[in-house]
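Novice: Given the sequences, and given the hints that come with them, work out the whole structure.
Take 1 as the starting number for the sequence shown in the working numbering and just add one per residue.
Hints are not guaranteed to be accurate.
Derived Cβ-Cβ restraints for the label pairs, each shown as a range [unchecked claim]:
hint	residue 1	residue 2	range
1	Glu117	Ala84	49 to 57 Å
2	Ala143	Gly209	20 to 28 Å
3	Gly209	Ala16	48 to 56 Å
4	Gly31	Arg211	38 to 46 Å
5	Ser64	Cys104	25 to 33 Å
6	Ile246	Phe92	34 to 42 Å
7	Ala243	Gly118	33 to 41 Å
8	Ala202	Ala11	50 to 58 Å
None of these hints come from the bench; they were simulated from the model. Every residue gets a Cβ at the ideal spot worked out from N, C-alpha and C, and that includes glycine.
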Amino acid sequence: MPDFIDIDDPADPRIAVFRDIRERDLIGREGIFIAEGEVVLGTLLRSARHRPRSILIDARRRASLAPLLETLDETVPVYLAHRAVLDAIAGFPLHRGILAAGECGPSITPEELLAPEGPRIILALSAIANHDNMGGIFRNAAAFGAAGILLDSDCCDPFYRKAIRVSVGTTITMPFARLPAGADAVALLARHGYEVLSLSPAGAEPLAGIRNVPRVAALLGAEGAGLPASVLERTRTVTIPMAAGIDSLNVATTSGIVLFALSTANG
Numbered sequence: 001m002p003d004f005i006d007i008d009d010p011a012d013p014r015i016a017v018f019r020d021i022r023e024r025d026l027i028g029r030e031g032i033f034i035a036e037g038e039v040v041l042g043t044l045l046r047s048a049r050h051r052p053r054s055i056l057i058d059a060r061r062r063a064s065l066a067p068l069l070e071t072l073d074e075t076v077p078v079y080l081a082h083r084a085v086l087d088a089i090a091g092f093p094l095h096r097g098i099l100a101a102g103e104c105g106p107s108i109t110p111e112e113l114l115a116p117e118g119p120r121i122i123l124a125l126s127a128i129a130n131h132d133n134m135g136g137i138f139r140n141a142a143a144f145g146a147a148g149i150l151l152d153s154d155c156c157d158p159f160y161r162k163a164i165r166v167s168v169g170t171t172i173t174m175p176f177a178r179l180p181a182g183a184d185a186v187a188l189l190a191r192h193g194y195e196v197l198s199l200s201p202a203g204a205e206p207l208a209g210i211r212n213v214p215r216v217a218a219l220l221g222a223e224g225a226g227l228p229a230s231v232l233e234r235t236r237t238v239t240i241p242m243a244a245g246i247d248s249l250n251v252a253t254t255s256g257i258v259l260f261a262l263s264t265a266n267g
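Specialist: Shown next as C-alpha cells:
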C-alpha cells in the first residue's frame with residue numbers, strides 16, 4: 001500500500017506536474033502524460049509498457065479507491081487534497097477527482113508495429129489534429145480488435161490528456177507508432193504485406209463490398225482536406241455511401257464503421 005500524503009497548498013512543489021494542466025497540455029510534458037478518472041487510472045496501473053509516477057486524488061475518494069491503489073508500488077506517492085485545493089491545482093473544477101502522472105514507456109517503431117505475420121487490421125492516420133477524434137479512433141480500434149495504429153508526423157499526440165480521456169484509456173493500451181516527417185506510409189505498408197484501403201467520399205468501391213482482405217490497413221485523413229491525391233492514386237479507394245446531400249462523416253465515426261466492416265468481412 002502506498003503512502004498517502006496530504007496537500008494543503010496548491011503551490012506545493014511536490015504536485016507541480018499536475019498544476020494548470022490545460023496550459024501544460026499545450027506545451028507537452030517530455031515523456032510524462034496525465035491520466036484522468038478512475039477507469040483510466042486503472043488502465044495505467046495495469047499497463048506493462050507505461051508506469052505511474054505520482055497520483056493526486058480528492059481526499060474524499062481515498063476509501064473508494066483503496067482496492068485499486070493497493071496494487072501500487074510503494075514508491076509511487078499518492079497525494080490527497082480537498083476539492084478546493086484540487087481545483088486550484090488543476091486550474092479548473094476537477095469533477096472526477098483523480099489525476100495520475102504517467103511515464104511513457106519505450107516507443108514502438110513502425111517496423112515493429114507492422115512486422116508480425118498473419119491476418120491483421122491496422123489503422124493508418126494522416127494529419128489527424130483533433131484530440132477528441134484521436135481519442136475516439138483509439139477507442140474504436142480497441143473495440144474492434146485492430147492490431148495497432150500508424151500515425152504520420154502531422155498527427156496530434158495520443159497522450160494528450162483529452163485524447164486519453166476520450167479514448168477511455170485505450171491510447172495507453174493500443175500499440176501505435178509514429179512515422180518520421182516525409183516517410184512514405186503507403187510504401188511501408190505494402191512492404192509489410194498490407195493492402196491499403198484509403199477512405200474517401202469519392203472512393204471507387206463501397207465499403208460493404210470489401211471481402212477477403214485478411215491483412216489490411218485502413219488509411220484515414222483529416223476532416224475537410226482528406227487524403228492527398230497522391231495517396232489516393234496509389235491505393236484502393238473506398239467509400240461509405242450516405243444519404244443525398246451529406247458528403248462526409250466525422251473521422252472517428254468513420255473509423256468505427258470501417259473497423260466493424262473489416263472485422264466481419266472475412267468471417
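Novice: Hints first: check each against the structure and report whether it holds.
Specialist: How the hints compare with the structure:
1. Glu117 / Ala84: 49 to 57 Å: Roughly 56 Å apart at Cβ, these two residues keep to the hinted range, so it holds.
2. Ala143 / Gly209: 20 to 28 Å: Cβ of Ala143 to Cβ of Gly209: about 23 Å, so the range 20 to 28 Å holds.
3. Gly209 / Ala16: 48 to 56 Å: 55 Å, holds
4. Gly31 / Arg211: 38 to 46 Å: Hint holds: Cβ distance 43 Å, inside 38 to 46 Å.
5. Ser64 / Cys104: 25 to 33 Å: Taking Cβ atoms as reference, Ser64 and Cys104 lie about 28 Å apart, which means the hint holds.
6. Ile246 / Phe92: 34 to 42 Å: 35 Å, holds
7. Ala243 / Gly118: 33 to 41 Å: With Cβ atoms ~38 Å apart, the hint holds.
8. Ala202 / Ala11: 50 to 58 Å: About 55 Å separates the Cβ atoms of Ala202 and Ala11, which means 50 to 58 Å holds.
Violation of the numbered hints given earlier is absent; every hint is satisfied by the structure.
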